[in-house]
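*Asks:* Just so you know, we're using my numbering here: the sequence shown kicks off at 1 and counts up by one.
Hints are computed from structural coordinates only; laboratory data are not their basis.
A virtual CB, placed ideally from N, CA and C, is assigned to each residue, including glycine.
Errors might be hidden in some of the hints.
To be verified - List of simulated lysine-lysine pairs, DSBU-like, C-alpha gap at most 30 angstroms: (1) 133 with 186; (2) 196 with 133; (3) 265 with 251; (4) 194 with 141; (5) 196 with 132.
Claimed, not checked - Ranges between beta-carbon positions, derived for each pair: (6) 276 with 302: 45 to 55 angstroms; (7) 51 with 276: 51 to 61 angstroms; (8) 174 with 343: 20 to 30 angstroms; (9) 25 with 171: 53 to 63 angstroms.
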Amino acid sequence: MDVLAGLSRFKLGVLISVCLWSLYFWGILQPVFTFAPLLAAIPTVTFLSEVIRRIIEYHLGKRTVAIGNDAVLITGCDTGFGYLLSKRLADKGYTVFAGCYVDNGAGAAELREYSSRIQVLNMDVRSDDAVKKARLLVEEKLAGQGLWAVVANAGIANHGPLEWTSMEEIHSIFDVNTYGVLRTVKEFLPLVRKRKGRIVVTTSMLATLPNPLVIPYSMSKAAVRSLVDGLQRELRGFGVYCSSIEPNYYKTSIVENRSMEDYHKKFAALDENLKAEYEGFMDTCRNYLDGVNSFIMSDKIEEPLNAFEHAVCSVRPRPYYLVDSPILSFGRELLKHLNVEVLDAVVCSSQYLGGLKRRICPKK
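Put together the whole structure using the sequences plus the hints.
*Replies:* Next comes the structure, spelled out in structure tokens:
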């Protein structure tokens, strides 16, 4: 296993493929392909190679780095993933710089009380000055030591048809989800590069599979996923690993605070002509919201937390963490290979899941 641990994912995959093809041509694997022509063997060997690679990667990924005096910066720690991850990494022995939008809020106060390893920073990722000030404070605390990881997690969501969404709201979404991540990563990158550490970014499954009613949010997450892809290649020579955490819907404040009241407020602000065009569309919004809450949203918050922890702590972090239930993960992978027209039909049909649930399980 030590020899395999020294191989990159690409080289490991090539090695396994070469070994399997060698076994095939030597006749050892011939019984497997007795009823299959050579062309049929190609996808079979490729599939087996990928399965074996994933099994080996799973076991190699269990190894963790030595923590020592390492420190981690996490943004968006007022609630949700950032709040819980701060506690988890502090428990593991990391010094955690927890960036909070409201440094005198309930979340910040609880983090201060939870562990002396957690240092709360007042950090509004929309502000260049605030992010720079946070970096100077971290740099002072580190006293010449590099920063092991930056977890750019701060984010906000929006919901509703694009025509109902003001440009002001869209700018706000991008300022936090896209430019906020960019500000944070760019400001702290020298410290991470010095330590040959990790850049971890919270993106979303919507970055690669955008849905109706969340278009600006999907766009903002697609942009930072591209950032992770580019940085992973750009920083390879510096020994810095970059990971994208792509969760589905989990019960955090960013999704739990949604309600039909939000849609009604947006609809009420429309001019009369647009209201007439969208008459009856509120049922679509309700079906979408109910479908997400009933069929997709998960309360297994440990799943994304495990992904964050692996990206920070494993000796072999992954470039992407698709965080979902096994069934939905399989469905997501399957959707990527569908014809675009079929994909559109499947995604659009999901808007009616909520209506289906109300017919099957009506409220008493």
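*Asks:* All hints are to be evaluated individually against the structure, with a verdict given for each.
*Replies:* Against the structure, the hints come out as follows:
Distance restraint check for residue 133 and residue 186: the Cα-Cα separation of roughly 14 angstroms lies within the 30 angstroms cut-off, and the hinted pair is therefore satisfied. With a C-alpha separation of about 23 angstroms, the suggested pairing of residue 196 with residue 133 holds against the 30 angstroms cut-off. For the proposed pair residue 265 and residue 251, the alpha carbon gap of about 23 angstroms is at most 30 angstroms, so the pair holds. Taking the CA atoms of residue 194 and residue 141, the gap is near 15 angstroms; set against the 30 angstroms cutoff, the hint holds.
The suggested pairing of residue 196 with residue 132 holds, with an alpha-carbon distance near 21 angstroms, which does not exceed 30 angstroms. Roughly 47 angstroms separates the CB atoms of residue 276 and residue 302, a value that falls within the hinted 45 to 55 angstroms. For the pair residue 51 and residue 276, the beta carbons lie near 55 angstroms from each other, so the given range of 51 to 61 angstroms is met. Distance hint check: the CB atoms of residue 174 and residue 343 are about 25 angstroms apart, consistent with the given range 20 to 30 angstroms.
Distance hint check for residue 25 and residue 171: the Cβ-Cβ separation is about 60 angstroms, which falls inside the suggested range of 53 to 63 angstroms.
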